[in-house]
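Assemble chain C onto chain S, guided by the hints.
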Amino acid sequence: MNEVVRDAFEQALDTRRIKGRSLYVDAWHRLLKNRAAVAALIILGVMIMLVIVGPMLSQWDHEIPDWDNYSTPPSLETGHVFGTDALGRDLFARTMIGGRISLLVGLVATLVSLVIGISYGAVAGYFGGRVDNLMMRSVDAIYAMPFMFFVILLMVIFGRNIFLIFVAIGAINWLDMARIVRGQTLSLKNKDFVEAARACGATEFQIIRRHIVPNLLGVVVVYVTLTIPQVILVESFLSFLGLGVQEPLTSWGALVNEGAQELETAPWSLLFPAGFLAATLFAFNFLGDGLRDALDPKDRL
Amino acid sequence: MRSPVLEVRDLSVHFRVETGRLFRRDHYTIRAVDAVSFNVHSAETLGIVGESGCGKSTLARAILGLVRAQSGAVVWLGEDLVGLSEEQMRVKRREIQLIFQDPQGSLDPRMTVGDIVAEPLKTFYPSMSRMQVRERVQGIMKLVGLLPEQINRYPHEFSGGQCQRIGIARALVVNPRLVVCDEPVSALDVSIQAQIVNLLKDLQKKLQLSLIFIAHDLSVVRHVSDRVLVMYLGRIMEVADRDSIYLQPRHPYTRALIESVPIPDPVKERARARRSLEGDIPSPLNPPAGCVFHTRCPHATDACQREVPLLETLENGNQVACLHHRELAPVLEVSDELEEGQSAQVETDDTSPSGA
Chain S
2 MNEVVRDAFE QALDTRRIKG RSLYVDAWHR LLKNRAAVAA LIILGVMIML VIVGPMLSQW
62 DHEIPDWDNY STPPSLETGH VFGTDALGRD LFARTMIGGR ISLLVGLVAT LVSLVIGISY
122 GAVAGYFGGR VDNLMMRSVD AIYAMPFMFF VILLMVIFGR NIFLIFVAIG AINWLDMARI
182 VRGQTLSLKN KDFVEAARAC GATEFQIIRR HIVPNLLGVV VVYVTLTIPQ VILVESFLSF
242 LGLGVQEPLT SWGALVNEGA QELETAPWSL LFPAGFLAAT LFAFNFLGDG LRDALDPKDR
302 L
Chain C
3 MRSPVLEVRD LSVHFRVETG RLFRRDHYTI RAVDAVSFNV HSAETLGIVG ESGCGKSTLA
63 RAILGLVRAQ SGAVVWLGED LVGLSEEQMR VKRREIQLIF QDPQGSLDPR MTVGDIVAEP
123 LKTFYPSMSR MQVRERVQGI MKLVGLLPEQ INRYPHEFSG GQCQRIGIAR ALVVNPRLVV
183 CDEPVSALDV SIQAQIVNLL KDLQKKLQLS LIFIAHDLSV VRHVSDRVLV MYLGRIMEVA
243 DRDSIYLQPR HPYTRALIES VPIPDPVKER ARARRSLEGD IPSPLNPPAG CVFHTRCPHA
303 TDACQREVPL LETLENGNQV ACLHHRELAP VLEVSDELEE GQSAQVETDD TSPSGA
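First to last, the protein sequences are chains S and C.
The letter at position 285 of the first sequence is residue 286 when you use the working numbering, and the numbering goes up by one with no holes.
The letter at position 304 of the second sequence is residue 306 when you use the working numbering, and the numbering goes up by one with no holes.
So here's chain S without its partners, still in its complex pose (with noise of 0.2 Å):
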């Protein structure tokens, strides 16, 4: 009996030469078994692959007209899948061109603020004390700058070009990442591995670079899925009041925006870019809730 119980447990210990599974291993496993953030998942894969090789499915270019359809319903003769809008252009091309820019703004801004936000953040909650407070304190005064008057400022000094939406949108985000990042870091600081870090001869900024960011991601990443549809919204209403992206180029925002001008005459024109607007940011809410649930600290750590 004795034999057969060691036998077992040489076995298992053989089975230990497979790698650990991290922390972040587990949460991607939770993550599968919510459904609701699993078909999120394969939304934002669907809608990412579609904005990248819709444009070339489409026989039609997303800025030279059709001139024998202005504003014709979808309709699979012609080829305009979508319809086209008032000046003849292929709204099919166009929802999935403005498809990209709307994520790019998402992805690109959302990383411009993920980079400052954590960098600025994580140095003012480690070192605390007066540098925190001045840190802090600036990220407060640009906080009360109102959002709109920055980028009409941006765009009257610089004239409008895609590239500033991204630096406009990024330098507002970061200051919310700035500070959940700080609040996390100060919990961080005072843990024993961070000591011991120090105890083995570490520099601050190796503390900060090896223990204290990588423990920050996963609150990072749940607020990154949830920046992503702000930021996207934002875009949008940028668009909406003209001060977002430039003809012939393209947004969902611009699209739905010109799509509600012509809501009684051609609502196909707002009902395709607004859906794939919609799905794409209940998409991000619903994985940023999985991400959350599956990162849960409570659960460990």
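Keep in mind the hints are simulated off the structure, nothing from the lab.
Honestly, I wouldn't trust all of these hints.
Straight-line Cα separation of at most 35 Å, DSBU-like style, residue types lysine-lysine; simulated pairs [unchecked claim]: (1) Lys208(C) - Lys144(C); (2) Lys94(C) - Lys34(S); (3) Lys144(C) - Lys190(S); (4) Lys190(S) - Lys270(C); (5) Lys192(S) - Lys207(C); (6) Lys192(S) - Lys270(C); (7) Lys144(C) - Lys94(C); (8) Lys203(C) - Lys192(S); (9) Lys144(C) - Lys192(S).
Coordinates of chain C only, in the frame set by chain S:
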């Protein structure tokens, strides 16, 4: 007489606490460690005991330079560490390592065991190749009783005792000469405590380490220490070799501590006349004048309220800080039974099965 590897002289650590009001800033000073002096010899274990909040952990961190000392000296192999810059101190930390109380909390949950143990190697020997690092890490894991196959696992996949072994491996991987153990077993089950304590003792013998072993559990300290230092409110009350402190405690506070250790025999335990200390430890913001212990001392006199007792060296080399230590009966009546009970307990701990 061997010369000490570590000599702590009149070390004081004070913390300034600011009470933040907008226009009026008041501050208080907490004397966490106050004029503490002691030596640690090569391959010796010095136990440090005391109640929560008496400054044990702060003392440990001050030795490693993790908190700034207000005054005094920490002389490590003839060199004072207190005045060193952060950069110079970092180099010295290779020789003095720290083991933490919370086994899980002291390990970064995002790193594998291999990375955790290798971290000191990476900072102190950046030129080591990956193969060398891996070899060294696996060697040290074997030494502390971990399976080298577990190198790619994460801390949450280990039990508390195993996590503490990882912490020990991390401390030992750079071949330190002194390891400061800050309550290394107080977060563990009793059976695991014995394993870890015995592991530390074995390693000390093998590697000729000096240990500073901080604990609030007197029986554990008795098991590992050569000498014991008793702290109260940031000051040293008594320093004595292990046997005298348990059999002939001189300071009233030490006596109170030893009397408070339960005897694992219910009959004897019930028969024992227990005189527990009254009241709480006073606030270190506002320590009592004179002898800091006089507010709770059963033998306190008027003199104790005025005069600060100096740490007096006795004939046998032990030290005690009490004005009345000569008048107090030298032997504690319960000590025999205590000794019996304690050694019995330690023995049963030793033999307890590891898997339990």
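Comparing the hints with the structure gives:
| no. | hint | result |
| --- | --- | --- |
| 1 | Lys208(C) - Lys144(C) | holds (14 Å) |
| 2 | Lys94(C) - Lys34(S) | violated (49 Å) |
| 3 | Lys144(C) - Lys190(S) | holds (31 Å) |
| 4 | Lys190(S) - Lys270(C) | violated (47 Å) |
| 5 | Lys192(S) - Lys207(C) | holds (31 Å) |
| 6 | Lys192(S) - Lys270(C) | violated (43 Å) |
| 7 | Lys144(C) - Lys94(C) | holds (26 Å) |
| 8 | Lys203(C) - Lys192(S) | holds (27 Å) |
| 9 | Lys144(C) - Lys192(S) | holds (27 Å) |
Consistency with the previously given hints fails for numbers 2, 4 and 6, ordered from lowest to highest.
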